[in-house]
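Trainee: Going down the list, the protein sequences come from chains E and Z.
Using the numbering used here, you'd call the opening residue of the first sequence number 5 and step up by one each time.
Using the numbering used here, you'd call the opening residue of the second sequence number 5 and step up by one each time.
There's no promise every hint is true.
Which copy? The list can't say, so a pair holds if one copy fits it or any two copies do.
Calculated lysine to aspartate or glutamate pairs in the DMTMM-like style (CA-CA distance at most 25 Å, straight line) [what the hints assert, rightly or not]:
no., residue 1, residue 2
1, Lys53, Glu139
2, Lys7, Asp58
3, Lys249, Asp262
4, Lys95, Glu139
5, Lys95, Asp158
6, Lys53, Asp300
7, Lys147, Glu294
Hints were generated in silico from the structure; no laboratory data involved.
Predicted model only: the values in this text are computed from it and were never measured.
Protein chains: 2
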Amino acid sequence: MTKPLFETIALIGIGLIGSSLARVIRAEGLAGHVAIATRSEATLEAARKLGLGDSYFSSNAEAVANADLVIVSVPVGASEAVAREIGPHLKPGAIVTDVGSTKASVVRQMQPHMPETVHFIPGHPIAGTEQSGPEAGFAQLFKGRWCILTPAADVDAQAVDRLAAFWGACGSTVERMDPDHHDMVLAIVSHLPHIIAYNIVGTADDLEAVTQSEVIKYSASGFRDFTRLAASDPVMWRDVCLHNKDAILEMLARFSEDLSSLQRAIRWGDGDKLFDLFTRTRGIRRSIIEAGQDTDAPDFGRNAGKADVPGAAE
Amino acid sequence: MTKPLFETIALIGIGLIGSSLARVIRAEGLAGHVAIATRSEATLEAARKLGLGDSYFSSNAEAVANADLVIVSVPVGASEAVAREIGPHLKPGAIVTDVGSTKASVVRQMQPHMPETVHFIPGHPIAGTEQSGPEAGFAQLFKGRWCILTPAADVDAQAVDRLAAFWGACGSTVERMDPDHHDMVLAIVSHLPHIIAYNIVGTADDLEAVTQSEVIKYSASGFRDFTRLAASDPVMWRDVCLHNKDAILEMLARFSEDLSSLQRAIRWGDGDKLFDLFTRTRGIRRSIIEAGQDTDAPDFGRNAGKADVPGAAE
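Based on the sequences and whatever the hints tell you, model everything.
Mentor: See the structure below:
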C-alpha cells in the first residue's frame with residue numbers, strides 16, 4: 005500500500021462537507037488517521053455511529069494536536085472562534101484550510117490566530133447539495149467539481165501543491181484565486197441564486213390570493229426548481245449573507261436593476277426585448293452542459309434512476 | 005379492443021405538448037384517428053417522420069373538419085389567429101380546447117370565433133420541460149401531473165366530463181378553475197419563476213468583473229438550477245409575459261418588495277431575520293416532495309440514471 009498523502013487529518017465540523025471529506029479520505033486512502041471534532045455531542049455521536057473517523061473529540065484543540073492537515077468545515081461565522089481555539093495547538097508544519105463559501109471574511113477571521121509555523125491556505129470546494137448533517141455526505145460529492153484555493157502570496161508553494169494534490173485525489177480540479185475575486189464570483193454563481201430562491205419561496209408563502217396548497221400542487225410548472233436551493237442549511241446561508249455582504253449587495257443591485265427593466269418591458273408590451281433576453285439566456289445553459297456542470301436530461305433527469313419518465317416526479 | 009374516447013382528434017401545433025399528446029393518444033388508444041396540423045412545413049415533416057399522427061395538414065381548417073376533439077397547442081399569442089381559421093370549419097358537437105399557460109387571454113382571443121354548435125373548454129396541463137419541438141415530446145409527460153380546465157358556466161357538463169376523462173387517460177388529475185384565478189396561480193408558480201430565472205441568467209451574462217467562463221465553471225454551486233428554466237422556449241414565454249401582464253406585474257411587485265426587505269436585512273446584518281426566512285422556506289419543499297411533485301434525491305437526483313453519484317453532473 006502506498007503511503008497516504010497525510011499521516012493524520014483533522015476534520016473540524018462533520019456536516020455535509022466534513023462527512024463527505026471523511027468518506028472520500030477513507031475511500032481513497034488519503035490519510036493514516038482521521039480525527040473528527042464537532043461542538044455538538046449529538047453530531048459527534050452520529051459521526052461515530054457512521055464510522056467516519058478513527059478518533060472523535062468534542063474539543064477542537066485536542067483534535068488538531070497531531071494533525072498534518074486540518075480542514076475546518078463550519079459555518080463561516082464560526083471561523084474565528086475555531087481559529088482561536090486551535091491556533092495554539094497546531095503542529096508545526098501543519099496545513100490548515102477551510103471549505104467556507106466566503107474567503108475574504110474567513111481570512112480576516114482566521115489568519116490572525118494562525119502561528120507562523122503553519123501553512124494557512126483558505127479553500128472552497130464548489131460542491132454541495134441542499135441537504136445537511138453527517139448523514140447527508142457521500143464520497144463522490146467532489147467528483148468532477150472545482151475547488152478554489154486562495155493562498156496569500158507568501159505561503160509556501162509546496163504546501164499549496166500538497167493541498168491541491170489532496171483535492172485532486174478527492175476528484176476535484178483546483179483553481180487558485182484572490183479571495184476578493186472569489187467572493188465576487190461566488191456572489192453571482194451561488195449566493196445571489198440562493199437569496200433569490202429563498203425570496204421567491206417566501207413571496208409565494210405570503211400570498212393571500214393563492215393558497216399554499218395551490219403553490220405546492222402546481223409547483224412542477226417552474227416553482228419547484230427554486231425550492232431545492234431554498235431548502236439549504238439556514239445557519240450556513242445566514243452566515244454567507246453576513247460575511248459576503250458587499251459583493252452580494254452589488255449583485256443584488258444589478259439583479260434588481262435588470263428586473264425593473266424587464267418589468268417595464270412587460271408593462272409596455274415590448275415583445276422584442278423579452279424575446280431577445282429569453283433567447284440570449286439559452287446559450288449559457290448549453291455551455292454549462294458542455295462543461296459537464298449539469299445534466300442535459302429534461303427536468304434535470306429528475307427520477308431518471310427510479311423510472312424512465314423525464315418530468316414525472318412521483 | 006374498446007372504443008376509443010374520440011373518433012378523430014385534431015392536434016393544432018405539434019411542439020413539446022402537441023407531440024407528447026400525439027404519443028400518449030397512440031399509447032393509450034384514445035383516438036381512432038389523429039390529424040396533425042402546424043404552420044411550419046419543417047415541423048410538419050418532422051412530425052410525419054416521427055409517425056406522430058394518421059394525417060398531416062398545413063391548413064388548420066382542413067385538419068379540424070372531421071375532428072370530435074380539437075386541441076390547440078400553440079404559443080398563446082397565436083390563439084386568436086388559429087381560432088379565426090378553424091371556427092367556420094369545426095364539426096357540430098366538437099370539443100375545442102387548448103393547452104395555453106394563460107387562460108383569460110385565450111378566452112378573449114378564441115371564444116368570439118367559436119360557433120354555438122361546439123363546446124369550447126380552455127385547458128392547461130401543468131407539465132413541460134425546458135425542451136421544445138416535436139422531438140422533445142414523450143408519452144409520460146402528463147403522468148402524475150395536474151391539468152386545469154376553465155370552462156365557462158354555461159358549457160355543457162357532459163362535454164367537460166369527456167375532456168376530463170381524456171386528461172385522466174393521459175395520466176393527469178383534472179381541476180376546474182376560474183380563468184382569472186388560474187392566471188394568478190400560474191403567475192406565481194410558473195411565470196414569475198421563469199422571469200426571475202431569465203433575469204438572473206441575463207444579469208450574470210452582463211458582468212464585467214466575473215467572466216462568463218467563471219460563471220459556467222462554478223455554476224454547480226447554485227446558478228445552474230436557474231438555467232434550466234431560462235432555456236425554455238422564447239416565443240412561448242414572450243407570449244406568456246404579454247398575455248398575463250397584470251398578474252405577473254402584481255407578483256413581480258410583491259417579489260421585489262420582499263427582495264428589498266431581504267437586501268436591507270443583509271445590509272444591516274439582521275441575522276435573525278435572514279435565519280427566520282431561510283428556515284421557513286424549507287417547509288414548502290418538504291410539502292412539494294410529499295405531494296409527489298418533486299424528487300427528494302439530492303440535486304434533483306441529477307444523473308441518477310447514469311451513475312449513483314448525486315450532485316455529480318459529468
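Trainee: Within a copy, between copies, both or neither: where do Lys53 and Glu139 come within 25 Å Cα-Cα?
Mentor: within (10 Å within a copy, 49 Å between copies)
Trainee: From the Cα coordinates, with 25 Å as the cut-off, is the pair Lys95 and Asp158 best called within, between, both, or neither?
Mentor: Within. Shortest intra-copy distance 20 Å satisfies the 25 Å Cα cut-off; inter-copy 82 Å does not.
Trainee: Tell me, please, which holds for Lys53 and Asp300 at an alpha-carbon limit of 25 Å: within, between, both or neither?
Mentor: Close across copies (24 Å), not inside one copy (38 Å); limit 25 Å.
Trainee: Given a CA cutoff of 25 Å, do Lys147 and Glu294 count as a within-copy pair, a between-copy pair, both, or neither?
Mentor: Classified as within: same-chain Cα gap 17 Å, cross-chain 30 Å, threshold 25 Å.
Trainee: Given a CA cutoff of 25 Å, do Lys249 and Asp262 count as a within-copy pair, a between-copy pair, both, or neither?
Mentor: both (20 Å within a copy, 18 Å between copies)
Trainee: What label fits Lys7 with Asp58 when the C-alpha limit is 25 Å: within, between, both, or neither?
Mentor: Intra 17 Å, inter 68 Å, cutoff 25 Å: intra-copy only.
Trainee: When Cα atoms must be at most 25 Å apart, do Lys95 and Glu139 count as within-copy, between-copy, both, or neither?
Mentor: neither (30 Å within a copy, 61 Å between copies)
Figure legend: structure checked against the earlier numbered hints; the only hint not met is number 4.
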